[in-house]
Amino acid sequence: QIKGLVAEDQKGISFGICEELKNLGCEVVVVSSVGKAKEHTKNADLVILDLRLEDGNGSEIIKQMEAEKNCVPIVVMTAYSDLKDSLDKTRILYWLDKPFSIQHMRSVLHKAVEVAKDVLSINEEVTNLANWNRTSLQK
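In terms of this note's numbering, the sequence shown opens at residue 452 and continues consecutively.
Hints listed in this document are in silico derivations from the structure and should not be mistaken for laboratory results. Every residue gets a Cβ at the ideal spot worked out from N, C-alpha and C, and that includes glycine. Treat the hints loosely; a few may be bogus.
Derived lysine-lysine pairs resembling DSS-like cross-links, with alpha carbons at most 25 angstroms apart [said to hold, decoys possible]:
#1 462 with 562
#2 489 with 514
#3 562 with 549
#4 473 with 454
#5 562 with 489
#6 562 with 473
#7 568 with 454
#8 454 with 489
#9 493 with 514
#10 549 with 473
#11 489 with 549
#12 487 with 473
#13 568 with 514
#14 493 with 520
#15 462 with 520
#16 462 with 489
#17 454 with 549
#18 473 with 462
#19 520 with 549
#20 493 with 462
Per label pair, the in silico range of CB-to-CB distance [unchecked claim]:
#21 505 with 578: 18 to 26 angstroms
#22 505 with 580: 22 to 30 angstroms
#23 543 with 486: 29 to 37 angstroms
#24 466 with 589: 44 to 52 angstroms
Sequences are here, hints too, so could you generate the full structure?
Structure below.
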């Protein structure tokens, strides 16, 4: 089961995203601050992130994830297109420019969940291979 982290301080938007992720079979944690989001990134398979949160800039979360070598897919939401230029776009899977339609949100979330599933599957295969190699070398 994909674990989604939604970092959004507008309750209506976070509710809609949370419900859609649950409909897609995800377990979801919703936070409204940079501080809380940083606490949950290590357990997430997918991050949906607003760039302007109540206690700071969501780009801090992306920087922390980069420092931790956390490669989970990130969907960034923003109403401030000028903030896009300051981010490393290679880390961003999709952009959701506010305001966005429900249809567009659903489409992006569906694609993002599929990518998260693929990444999770690959990570599991790599772990299995590493365990197999360790076992083989010990014989």
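Tested hints:
1. Taking the CA atoms of residue 462 and residue 562, the gap is near 23 angstroms; set against the 25 angstroms cutoff, the hint holds.
2. Only pairs whose Cα atoms come within 25 angstroms are accepted, and residue 489 paired with residue 514 is accepted, the gap being roughly 10 angstroms.
3. Pair hint residue 562 plus residue 549 holds up; C-alpha atoms about 18 angstroms apart against a cutoff of 25 angstroms.
4. At roughly 10 angstroms between alpha-carbon atoms, residue 473 and residue 454 fall within 25 angstroms of each other, so this suggested pair holds.
5. Distance hint between residue 562 and residue 489 is fulfilled; the C-alpha atoms sit about 24 angstroms from each other, no more than 25 angstroms.
6. Proximity of residue 562 to residue 473 is assessed by CA-CA distance (about 14 angstroms); at most 25 angstroms being required, the pair is judged to hold.
7. A distance of roughly 10 angstroms separates the Cα atoms of residue 568 and residue 454; the hinted pair therefore holds under the 25 angstroms criterion.
8. A distance of roughly 15 angstroms separates the Cα atoms of residue 454 and residue 489; the hinted pair therefore holds under the 25 angstroms criterion.
9. Distance restraint check for residue 493 and residue 514: the Cα-Cα separation of roughly 13 angstroms lies within the 25 angstroms cut-off, and the hinted pair is therefore satisfied.
10. Between residue 549 and residue 473 the CA atoms are separated by roughly 21 angstroms; this keeps the pair inside 25 angstroms, and the hint holds.
11. Pair hint residue 489 plus residue 549 holds up; C-alpha atoms about 23 angstroms apart against a cutoff of 25 angstroms.
12. For the hint pairing residue 487 with residue 473, the CA-to-CA distance comes to about 20 angstroms; that is within 25 angstroms, so the pair holds.
13. Under the criterion of a C-alpha separation no larger than 25 angstroms, the hint pairing residue 568 with residue 514 is consistent with the structure, at around 23 angstroms.
14. For the proposed pair residue 493 and residue 520, the alpha carbon gap of about 10 angstroms is at most 25 angstroms, so the pair holds.
15. With a C-alpha separation of about 30 angstroms, the suggested pair residue 462 and residue 520 falls outside the 25 angstroms cut-off, and the hint is violated.
16. Taken as a hint, the residue 462 and residue 489 pair is honoured in the structure, with Cα atoms around 19 angstroms apart against an allowance of 25 angstroms.
17. At roughly 24 angstroms between alpha-carbon atoms, residue 454 and residue 549 fall within 25 angstroms of each other, so this suggested pair holds.
18. Between residue 473 and residue 462, the direct Cα distance comes to roughly 16 angstroms. Compliance with the 25 angstroms bound is thereby established for this hinted pair.
19. For a cut-off of 25 angstroms, the pair hint linking residue 520 to residue 549 is broken: about 28 angstroms separates their Cα positions.
20. With a C-alpha separation of about 23 angstroms, the suggested pair residue 493 and residue 462 falls inside the 25 angstroms cut-off, and the hint holds.
21. Look at residue 505 against residue 578: about 36 angstroms separates their beta carbons, and that is not inside 18 to 26 angstroms.
22. Between residue 505 and residue 580 the CB atoms are about 42 angstroms apart, so this pair departs from the stated range of 22 to 30 angstroms.
23. For the pair residue 543 and residue 486, the beta carbons lie near 21 angstroms from each other, so the given range of 29 to 37 angstroms is not met.
24. Taken as a hint, the range 44 to 52 angstroms holds for the pair residue 466 and residue 589, whose Cβ atoms sit roughly 50 angstroms apart.
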